[in-house]
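Asks: Each chain, letter by letter, is given below.
Protein chains: 2
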Amino acid sequence: MARFFVDALPAEGAVYTLSGENAEHARVLRLRPGEEVTLCDGKGTDCPCTVQPGGGLLAGAHAACPAEPALRVSVWIAFPKGDKAEHVIQKAVELGAAELVLFPSRCCVSRPEGKALKNKLERWQKIARSAAEQSRRGIIPPVRAVESYAEALTQAAGAELPILFYENEEKLGLRELLPPDAAPAPKGVSLMTGPEGGFTEEEIARAKAAGMRICTLGPRILRCETAPLAGLTAVMYALAEL
Amino acid sequence: MARFFVDALPAEGAVYTLSGENAEHARVLRLRPGEEVTLCDGKGTDCPCTVQPGGGLLAGAHAACPAEPALRVSVWIAFPKGDKAEHVIQKAVELGAAELVLFPSRCCVSRPEGKALKNKLERWQKIARSAAEQSRRGIIPPVRAVESYAEALTQAAGAELPILFYENEEKLGLRELLPPDAAPAPKGVSLMTGPEGGFTEEEIARAKAAGMRICTLGPRILRCETAPLAGLTAVMYALAEL
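Protein chains in written order, with the working numbering: chain A, 1 to 242; chain B, 1 to 242.
Heads up, some of the hints might be wrong.
Note: identical chains are not told apart, hence a pair may lie in one copy or across any two.
[Said to hold, decoys possible] Here are the computed lysine-lysine pairs in the BS3-like style, where the Cα-Cα straight-line distance is at most 30 Å: (1) K126 to K81; (2) K126 to K43; (3) K81 to K120; (4) K43 to K171; (5) K171 to K120; (6) K187 to K84; (7) K84 to K118; (8) K115 to K208; (9) K126 to K208; (10) K115 to K81.
Rather than coming from a laboratory, the hints here were simulated on the basis of the structure.
Generate coordinates for the entire structure from the input sequences, incorporating the hints supplied.
Replies: Printed below as a string of structure tokens:
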């Protein structure tokens, strides 16, 4: 079923007209009278609609989006090379991330700044929007960047359960941080992963000092674009959101 | 640490010379005397080696590869469009899949056959090998294809716990199939996912009849290249392999 994010939902019984990119998307989909579509306000509320002859959407009763997780997971990824960020953003939105934040770290080869970063963020936000529509999310997870590793640590460590995945950590696993019968479960988690070259030992020490829990993702070494998605999936599963 | 799959491991104390693609790979890595590398027989046994002046590898004591999961997960994916199969194969190997099997289904747009399939399988197997080296696996998971959906069902349903992920299943989740305190845990799992257009209802009925457990991956609709990796990660986590 087609899904469109709109600025404001029509009241039940009102007829809504799609505009801008949504109207274009609807044209591509060739919506027919009688078809069901969903409008979403991007704040977790859905409005089911029926396509009318002429193309207007007759609004039904509003309801909470059933696909939106109660758990809020922020996904922090060090700027990766090439178009890997696009891939991670698309998949993390499908998998239920609440927001994506990119940050520079010591081993980052790519460190977009200024106009280049602005353009990338615009592109990444479009990818997040499209992934949110496709996966039936109730929000469009924001994609943003911070200027320094220090700033990333400060913000990420503010989550109820702040986790940094490190390939050289051998003891602490997610299963220890997230015991299956934990009560109450955390409501906010941040997951931080490094670039292709990994984190330096000094960066790990700083993360610990900032309050991040340093955690392994198991004995298999995951690529920088695989680790955040594996971590996110495992956390979602462990906390009953999958 | 560099990792090479070889046909037969050298005895402890012997000096081994890399050949073929491994030798080429070693040249690219510019290995230096004193450096540690690992040879693996592809059957779960590792042999740590030290690079000698001249490039030979002095073999240490053999040991079981610590990254190889005890759980055997077969990942069954319907032929996807474009290069998505490459992506899924690479990531599934990193995440610990035991094998990858591609199969045709009703809504598959791509159905490679004959020479085209043979070429693809060769390419996919190379990707699996490279991902196994990078992620420190103890085997190179085989990548193969079956000719029909019927054959896929027969083989996949032979696993101890055979699961098919279906976007329209609303009740049965992985958490029900894999309770955290299950004893004994399954040792073999097959995970089956559909193509871009999903499975048809008739295909789901046939899968049920064949013995597959039809299971949801949660309320967010995952792309065909995301679903197998999310399912694999959740199963690995649930069964203590992550």
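Asks: Work down the list of hints and note, for each, if the structure agrees.
Replies: Outcome of the hint check:
| no. | hint | in the structure |
| --- | --- | --- |
| 1 | K126 to K81 | both (19 Å within a copy, 22 Å between copies) |
| 2 | K126 to K43 | within (17 Å within a copy, 45 Å between copies) |
| 3 | K81 to K120 | both (13 Å within a copy, 26 Å between copies) |
| 4 | K43 to K171 | between (39 Å within a copy, 26 Å between copies) |
| 5 | K171 to K120 | neither (37 Å within a copy, 39 Å between copies) |
| 6 | K187 to K84 | within (28 Å within a copy, 34 Å between copies) |
| 7 | K84 to K118 | both (17 Å within a copy, 29 Å between copies) |
| 8 | K115 to K208 | neither (33 Å within a copy, 54 Å between copies) |
| 9 | K126 to K208 | neither (34 Å within a copy, 39 Å between copies) |
| 10 | K115 to K81 | within (18 Å within a copy, 34 Å between copies) |
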